[in-house]
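2 protein chains.
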Amino acid sequence: MNTKQKPHIVIIGAGFAGLETARGLAKSSVRITLIDKNNHHLFQPLLYQVAIAGLLPSQIAQPVRTIFRRQKNLAFQMGEVTGINFNEKFIKMNGSVIAYDYLVIAAGARTNFFGFDTLEKHGLQLKDLETAVATRNHLLSMFEQASHEGDPEKRKAMLTFVIVGGGPTGVETAGALAELITHVMRKDYPRLNLNEAQVILLEAGPHLIAPYPDELRQATLRLLKNKKVDVRLNTKMLNFNGQRVTLGDGSVIETQTLVWTAGAKAAEIIETLPAEKASMGRVRVNLTLNLPQFPEAFVIGDAAFLTNGNGQPLPMLSTVAIQQGQAAAKNIKLMIEGKRPVKFHYKDPGLLATVGRNAAVARIFGISFSGFIAWVIWVFLHIYRIIGFRNRLIVMFNWAWDYLFYDNQVRLITRE
Amino acid sequence: MNTKQKPHIVIIGAGFAGLETARGLAKSSVRITLIDKNNHHLFQPLLYQVAIAGLLPSQIAQPVRTIFRRQKNLAFQMGEVTGINFNEKFIKMNGSVIAYDYLVIAAGARTNFFGFDTLEKHGLQLKDLETAVATRNHLLSMFEQASHEGDPEKRKAMLTFVIVGGGPTGVETAGALAELITHVMRKDYPRLNLNEAQVILLEAGPHLIAPYPDELRQATLRLLKNKKVDVRLNTKMLNFNGQRVTLGDGSVIETQTLVWTAGAKAAEIIETLPAEKASMGRVRVNLTLNLPQFPEAFVIGDAAFLTNGNGQPLPMLSTVAIQQGQAAAKNIKLMIEGKRPVKFHYKDPGLLATVGRNAAVARIFGISFSGFIAWVIWVFLHIYRIIGFRNRLIVMFNWAWDYLFYDNQVRLITRE
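From first to last, the protein sequence lines are chains A and B.
The first sequence runs 0 to 415 under numbering that gives the first Met the number 0.
The second sequence runs 0 to 415 under numbering that gives the first Met the number 0.
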């Protein structure tokens with residue numbers, strides 16, 4: 000085989016964007032090296048379910064090697080990329096150097112604490128399997144501690160759960176946690192007065208899920224209130240020291256739990272790149288998704304900054320990442336053929352967020368609706384999107400079981 | 000309710016022995032406090048399956064509170080017991096003191112490295128969920144590292160897996176790991192020559208599964224050799240420094256992986272007890288399972304030392320623990336009624352160990368057999384014994400899937 004002639008495409012990151020690029024090149028006469036620091040792809044939209052003990056880590060993760068078993072032009076390497084040389088076209092990883100003809104940087108995002116040191120130290124996050132499992136362990140431990148706490152003030156603080164951020168992740172986490180308390184914990188802790196427990200959702204702006212039509216924002220608020228979530232809009236968080244949250248108006252909430260869902264920024268490797276950055280450390284790319292100075296280098300997904308027709312930056316969402324991955328693969332194929340890459344246009348497929356059992360909000364084909372039907376669509380669409388037929392079956396089984404028996408799967412506290 | 004009059008029974012440990020004691024007292028007019036440092040009961044006989052990526056932690060663990068939801072005379076407390084005062088009849092935990100009328104110490108066992116410091120530092124173990132997951136992460140990482148190692152010597156060392164101990168755990172782990180390599184890893188790593196990989200099982204004595212009839216020992220040896228496991232009998236391990244294993248005859252095996260299954264000793268809390276100890280730090284108990292000086296204190300399961308009719312110490316097995324738990328519950332009920340406790344007699348239910356796909360050895364009702372039938376019995380008996388109907392269904396589904404598609408469930412490398 001004359002593999003030396005085939006262009007070598009290096010893809011950094013096996014998230015939605017990287018995966019889609021690799022798939023888009025499956026039938027091309029190229030060599031692909033896909034790199035990730037984990038050995039698995041993670042279905043991030045369901046990460047909050049791991050935190051509330053609804054799903055297991057392995058049910059929303061799939062080994063990259065398994066995904067690409069049949070794609071013979073792809074090799075996977077697990078490891079951390081430590082440097083990129085755009086001029087000489089190579090990357091550094093695992094102590095060696097890998098040369099590329101085309102590079103796709105799809106390294107994703109990490110939590111943005113906006114410089115709050117105490118928040119970074121004490122706050123919980125939902126960014127990868129490890130942080131989600133740590134959040135689960137913390138939440139469940141609070142109930143255990145409360146169960147043998149005699150002081151009513153301390154017990155109330157242990158059973159107070161603050162979630163910051165009124166975006167889809169914050170909304171979904173708050174709704175699911177409220178249901179866990181009402182339906183499951185009440186049975187596990189019959190001696191504990193769980194009327195003392197409360198879930199508080201803080202949002203600095205005037206709306207939940209701000210980018211969406213007002214009827215959906217209102218529906219979300221109403222559905223969360225039905226679940227007894229204490230939603231506080233226009234409420235800034237000033238500090239969290241592990242024992243109490245201080246709000247913008249100077250008032251405090253006594254709690255040991257703060258889940259931070261209010262910010263993201265581009266991955267660490269992006270910081271060091273000699274490329275122009277926009278807000279959240281994202282790399283400014285051409286409309287063709289590559290770098291102005293190095294057209295063979297693409298940046299896509301959460302790490303890339305691009306605006307839509309209205310001048311709004313494209314959100315850090317899986318739908319954007321998937322479409323950009325497809326576009327990058329297409330442009331690489333065009334460039335290999337000596338043609339010009341084409342501009343990327345984002346097609347917004349709508350919104351779908353669950354607020355708990357039988358409750359979700361949706362905007363599909365321009366129609367907004369909420370309630371049971373939206374929830375059924377959410378359930379089936381998410382099962383369909385999970386990678387791996389086995390995972391789909393198991394998640395379906397689990398959700399059916401939880402739905403019928405009000406019983407969350409894994410309430411395991413594991414040691415860190 | 001006049002609960003003050005009811006005898007208070009404190010059970011330390013929610014393993015097989017503690018669980019069975021608590022269940023045996025379900026219909027008694029007593030108050031039970033069950034304590035464990037974890038919030039879950041662990042089905043230890045399948046722990047090696049977590050290590051070889053065959054099952055998920057939560058599938059062999061069940062929250063204690065869920066198990067005892069319907070047993071109203073029982074309260075669970077998660078925490079570590081830090082002291083026991085037999086004279087004044089109280090225990091210390093979570094910074095407070097709990098008085099008891101009867102105490103059942105079922106604290107189990109931990110890995111015994113027999114003072115090998117380097118082994119404790121570098122060796123892998125299968126004692127709880129954390130060590131099993133750490134073993135899984137290490138095993139899978141070796142394949143990832145080997146996949147980009149250019150030096151053939153180093154690569155061979157990465158793909159050499161040493162398991163020490165020819166008991167059921169060592170035999171089951173070696174067989175399952177050999178199958179993982181042959182059936183699954185070969186597909187995940189098409190570029191890696193897995194003929195270089197080898198599983199070596201070291202046993203210091205002349206036999207595998209020593210306490211059993213010779214025909215079963217021979218069958219075990221033969222089945223493992225069929226799976227290409229390199230079984231070395233009469234082979235002592237002298238040292239393991241993380242890079243190589245030194246054997247008794249001075250020869251070395253270059254490897255980064257050693258799974259230690261060759262020793263257990265009583266749990267830490269047992270060390271400090273003012274009670275007579277036997278081998279492995281186990282507490283010498285009366286034939287009625289309680290302490291000679293403190294008859295209201297029982298020690299059962301792995302932590303207890305008792306001999307059978309032939310003067311042989313009872314093994315650290317779940318079958319012994321379960322029978323002792325039942326016996327302790329019975330004796331406590333007798334003593335509450337003012338009667339004398341009765342002697343414990345162990346009924347050996349036989350042996351059942353799997354050596355891999357379609358292969359197991361069994362001794363049931365005095366009949367020894369091996370092969371496919373033994374394996375089918377093993378599969379169904381283990382599914383039956385797992386706690387929780389949901390876990391049973393999911394384990395059954397997983398094993399059927401693995402069997403049909405040669406595909407192990409979770410080959411996730413998680414960060415520690």
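You may find that some hints are simply not true.
Copies of the same chain are indistinguishable here, so a pair counts whether it falls within one copy or spans any two.
Cut-off 30 Å, straight-line C-alpha distance, at most; resulting in silico cross-link-like pairs (DSS-like, lysine-lysine) [stated by the list, open to error]:
1. K338 with K155
2. K342 with K186
3. K186 with K332
4. K91 with K186
5. K186 with K36
6. K120 with K36
7. K5 with K346
8. K71 with K276
9. K329 with K26
10. K332 with K88
11. K155 with K342
12. K153 with K235
13. K227 with K346
14. K126 with K332
15. K346 with K91
16. K329 with K227
17. K26 with K126
18. K88 with K36
19. K153 with K332
20. K153 with K338
21. K346 with K224
22. K126 with K36
23. K346 with K120
24. K153 with K342
25. K224 with K5
Think of the hints as simulated: they come from the structure by calculation, not from any bench.
* In rising order, the numbers of the hints this structure does not comply with -> As far as the earlier hints go, 1, 2, 7, 8, 11, 13, 14, 15, 16, 17, 19, 20, 21, 23, 24, 25 are violated by this structure, in ascending order.
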